[in-house]
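So the sequences go chain by chain: A and B.
Reminder that position 133 of the first sequence reads as 132 in numbering that gives the first Met the number 0, one-by-one numbering, no gaps.
Reminder that position 52 of the second sequence reads as 51 in numbering that gives the first Met the number 0, one-by-one numbering, no gaps.
Please note: incorrect hints may appear among the correct ones.
BS3-like cross-link-like pairs, simulated, lysine-lysine; straight-line CA separation at most 25 Å [stated by the list, open to error]: (1) B/K80 - A/K105; (2) B/K124 - B/K101; (3) B/K111 - B/K80; (4) B/K132 - A/K105; (5) A/K112 - B/K132.
Here chain B is said to cover these stretches of chain A; the calculated rule only asks that three of the stretch's residues, wherever they fall, bring their Cβ under 8 Å from a Cβ of chain B [said to hold, decoys possible]: (6) 21–32; (7) 48–55; (8) 74–82; (9) 87–95.
Honestly, the hints are just simulated from the structure, not real lab data.
All C-beta atoms in this analysis are idealised placements derived from N, C-alpha and C, irrespective of residue type, glycine included.
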Amino acid sequence: MWDTALIGKEYAPFDAGVDTAQIAAFAASIGEDDPIYREEAAARAAGYPAIPAPLTFPFSLMMVAGQSFLVHADLDIPIPKTVHGEQWFDFHNNLYAGDVVTGQQKIADMFEKKGGALQFIITETRMDNQDGVHICDLRTSVVVLNN
Amino acid sequence: MTKLTYDQITIGDTLPPVEIGPVTREDIAAFARASGDPSPIHLDDEIARSSGLPGIIIHGMFNMAVLGRLLTDWAGQTRIKSFSNRFAAMAVPGDTITCRGKVADKSDLGGKNLVDLDIEAINQKGDVLLTGKAVIALS
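Could you build the full structure based on these sequences and the hints that come with them?
Next up, the structure:
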């Protein structure tokens, strides 16, 4: 049920490995043919220390780590009643194949519009790498479509 | 990687567009596997219809990932400071998605050379699928 007391709730931290094969498959699936996303030598030649993760790849790390629908379960909202309204990424440092990120998600805000016909849940997730370097912040708006 | 410099950039400059499509069901299934999102509304027409959709839809995060290519093609991966979009409309199999952007502002306040971009993704009918913003740091 809708309970704004959940604003500020922090979920347990999660770990997610950045897998070379998953980056290559992800890049291929979006039509990205730059070899830096599949060949270490090409990445190094382009000035990267390793194969970089595509920009929106951190969102997939959350998916694979089972983070994406925690708020739905908490609020008892069926996933098909919701849509992804907005997505934000702030990038602080680069993410590479072989990294292991630690992430933590929290509920940043909950509010209603149109007399409750639309409900918005804003989650924020910070990711750091294995060296404690702040990699990125994700902010996701989940919109609940009522009636 | 493109050698962009701050001084080269003028407000109103447009980015080379990125186009993908027509996006097939196989493309959607491949993204579902690669991105870790096997939600049935992207894979199963019957379940998609029972959710009130005309049939399966392309992942919004697929569209956003392609919009990300607009940024990395132009500026390279390491210069992108922020990237966001609103999911304005859904895309379906057979759609061709075109991503485009333009320089909305630039600022060197505080010794940081930042370029603000307005970006969007549209389908072949001109419907806006995504509307967003990005900030790029240049030397």
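Hints versus structure:
The hinted pair formed by B/K80 and A/K105 meets the criterion: a straight-line CA distance of about 22 Å does not exceed 25 Å. About 20 Å separates the Cα atoms of B/K124 and B/K101, which keeps this hinted pair within 25 Å; it holds. Taking the CA atoms of B/K111 and B/K80, the gap is about 12 Å. The hint holds against a cut of 25 Å. At most 25 Å may separate the alpha-carbon atoms for a hinted pair to count; B/K132 and A/K105 meet this at roughly 23 Å.
Restraint check: the Cα-Cα separation between A/K112 and B/K132 comes to about 24 Å, which is no more than 25 Å; the hinted pair holds. Counting residues of the region 21–32 of chain A whose beta carbon lies closer than 8 Å to any beta carbon of chain B gives 8, which reaches the threshold of three, so the coverage claim holds. With 4 residues having a Cβ less than 8 Å from any Cβ of chain B, the region 48–55 of chain A passes the three-residue criterion, so the hint holds. Requiring three or more residues with a Cβ within less than 8 Å of a Cβ of chain B, the coverage given for the region 74–82 of chain A holds, as 3 such residues are present.
Coverage of the region 87–95 of chain A by chain B holds. Counting CB-CB distances below 8 Å, 5 residues qualify, and the rule asks for three or more.
Consistency with the previously given hints is maintained throughout, with no hint failing.
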